[in-house]
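Student: Chain by chain, the residues run as shown.
Number of protein chains: 2
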Amino acid sequence: GSSTPSVLVGDGDTEEAEDFTSSSHCTELSRRQNEQRKQGLFCDVTLAFSSGAATGNVQSCEFSAHRSVLAAATDYFTPLLGGQFSESLSGRVEMKEWSAELGPDPETVESVIQYMYTGEIRVSTCNVHEVLELADRFLLLHLKEFCGEFLKKKLSLANCVAVHSLAHMYTLDQLALRAADMIRRNFHKVIQDEEFYTLPFHLVRDWLSDAEITVDAEEVLFEAVVKWVQRNTEQRGRYFEELFRLLRLPQIKPTYLTRVVKNEALVAANEACLRLVSDAVEGHAIRCENLKSADLEFWS
Amino acid sequence: GSSTPSVLVGDGDTEEAEDFTSSSHCTELSRRQNEQRKQGLFCDVTLAFSSGAATGNVQSCEFSAHRSVLAAATDYFTPLLGGQFSESLSGRVEMKEWSAELGPDPETVESVIQYMYTGEIRVSTCNVHEVLELADRFLLLHLKEFCGEFLKKKLSLANCVAVHSLAHMYTLDQLALRAADMIRRNFHKVIQDEEFYTLPFHLVRDWLSDAEITVDAEEVLFEAVVKWVQRNTEQRGRYFEELFRLLRLPQIKPTYLTRVVKNEALVAANEACLRLVSDAVEGHAIRCENLKSADLEFWS
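If you read the protein sequences in the order shown, they are chains A and B.
Sequential numbering of the first sequence, starting at 1, is according to the numbering used here.
Sequential numbering of the second sequence, starting at 1, is according to the numbering used here.
Hint data in this document are derived by calculation from the structure and do not stem from the laboratory.
Errors might be hidden in some of the hints.
[Stated by the list, open to error] Taking beta-carbon pairs under 8 Å as the criterion, some of the chain B residues facing chain A (in silico):
hint	residue
1	Glu18
2	Ser22
3	His25
4	Cys26
5	Gln33
6	Ser68
7	Ala72
8	Gly119
9	Ile121
10	Ser124
11	His142
12	Phe150
13	Lys154
Idealized CB from N, CA, C, for every residue including glycine.
Let the sequences and hints guide you as you build the complete structure.
Tutor: In structure tokens, the structure reads:
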């Protein structure tokens with residue numbers, strides 16, 4: 001080969017050095033590793049997203065990737081791929097237990113994997129709930145935070161129940177507080193919305209226990225409880241009594257208590273509920289008698 | 001699992017979307033992949049740097065890395081690692097033919113590999129020649145350019161020959177021009193420097209052919225040629241005649257030609273060189289005679 005020139009000597013006593021940073025290097029590196037992934041180049045792991053369904057007809061959607069990139073993007077994969085798990089040996093990771101019955105939408109999964117490679121993603125009102133679910137699962141904190149900010153901007157009366165559910169599910173505390181506040185101030189409208197009747201028991205219970213919900217009359221809360229249970233009596237029937245106990249029956253008029261509440265099948269079938277109705281009616285009667293005698297004394 | 005909230009609906013007709021870029025993502029990804037490399041996590045290729053020596057005692061220095069990152073950092077590795085080369089199958093790439101007899105300094109190799117991962121490197125007067133050699137080999141254009149800029153700033157009379165050699169070797173044209181200019185303007189000093197005598201034949205020939213080199217007298221060029229050959233007579237002896245022919249002998253005084261040049265062993269051993277000396281001496285004699293007769297005519 002050619003001869004080497006001697007080592008260059010600087011002018012000073014100390015070694016002269018300069019730090020160089022290639023500004024576009026990391027972005028370009030990420031972009032190119034993402035291209036490799038799409039072409040299946042140098043991939044050493046397969047992510048298989050399937051429904052958590054117990055049925056035999058399991059849908060599965062597969063994505064090739066690089067262990068090195070996934071583990072660099074999030075700590076979720078490091079133990080899974082680096083250790084002695086079966087996933088590490090087989091190079092296949094099964095992703096189960098998703099909120100959607102058939103597992104997450106493949107297009108959304110692809111965009112979240114792309115985010116892990118490039119740090120870039122497009123979040124929309126259509127995909128934000130699944131992006132959030134994936135970001136939460138994969139410990140992508142920045143992305144999760146962004147989804148929270150995105151939802152905060154999109155928060156409206158029409159979606160506050162859905163947004164609150166998401167915020168609650170993924171512990172986005174600030175967003176949950178803001179959505180809850182909107183729900184409280186508009187509870188009479190919220191219970192006219194179908195979304196409310198898709199809520200799980202624990203959230204319906206929390207709302208009925210909330211001292212600050214605003215409604216025109218206690219009657220509408222009774223109707224909401226009945227409607228919520230009737231959406232799926234088989235699953236929700238067992239919660240009826242607990243929810244019914246949260247109603248402030250003394251604030252409901254005796255005529256409504258005796259003609260509507262008492263005759264509702266869910267109440268009629270439940271001893272404890274019937275007793276609560278009787279107690280409330282009795283209370284009304286006694287208060288009424290006291291008022292009358294006070295009235296008589298006044299006019300006497 | 002938990003129930004899914006319904007898809008969120010935007011306020012407008014069109015889907016509302018927002019692009020998110022996690023600003024630190026790519027830098028962080030690169031930093032963590034580099035950490036994995038140092039720990040040997042998920043590595044799938046070994047780079048073995050060895051001397052190109054034909055001796056049995058081959059030194060080898062090995063580095064683990066990720067194919068995906070190397071191929072993303074430079075096109076040098078893509079065909080080597082992605083195709084059906086033996087390197088691709090074995091996961092081992094031999095790096096031979098280096099300017100230094102024992103191969104490049106391991107610390108410098110490590111810093112260039114780190115540059116491929118992170119885009120960051122410290123270049124010093126001590127390592128710049130090897131960084132440049134590695135950057136050139138691995139097609140790291142930005143790094144090569146930076147080395148050129150670094151050397152341009154460090155260019156001085158003390159190192160211009162070494163810098164010119166590097167610039168010439170790695171086709172850093174701008175730097176080569178600037179160093180060449182400094183060499184031309186200071187050629188009488190340059191040939192007092194040991195560095196000049198380490199140059200390969202083709203560069204020494206180029207300099208002696210250069211019409212713009214500045215020296216006090218042609219004699220010093222003769223001495224430089226002799227000194228250059230004597231540094232390694234066995235290898236360089238065969239070039240003596242070609243270099244000697246580049247000297248402008250008519251500009252050397254007759255006394256020096258007859259007493260020094262003619263008696264130099266390298267000249268004495270070479271018929272063609274001796275003839276050139278004789279021709280030059282003859283030329284002097286004839287010119288002298290003409291001058292004398294002109295002189296006589298003048299005074300007559």
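Student: Does each hint hold? Answer for all of them.
Tutor: Right, here's what the structure says about each hint:
1. Glu18: holds, 6 Å
2. Ser22: This hint holds: B:Ser22 lies near chain A, its Cβ roughly 4 Å from the closest one there, short of 8 Å.
3. His25: holds, 3 Å
4. Cys26: holds, 4 Å
5. Gln33: Nearest chain A Cβ about 5 Å off; hint holds.
6. Ser68: With a minimum Cβ separation of about 4 Å from chain A (threshold 8 Å), the hint on B:Ser68 holds.
7. Ala72: holds, 4 Å
8. Gly119: Interface hint status for B:Gly119: holds (3 Å vs cutoff 8 Å).
9. Ile121: holds, 5 Å
10. Ser124: Because about 4 Å separates B:Ser124 from the closest Cβ in chain A, which is inside the 8 Å limit, the hint holds.
11. His142: holds, 5 Å
12. Phe150: With a minimum Cβ separation of about 6 Å from chain A (threshold 8 Å), the hint on B:Phe150 holds.
13. Lys154: holds, 7 Å
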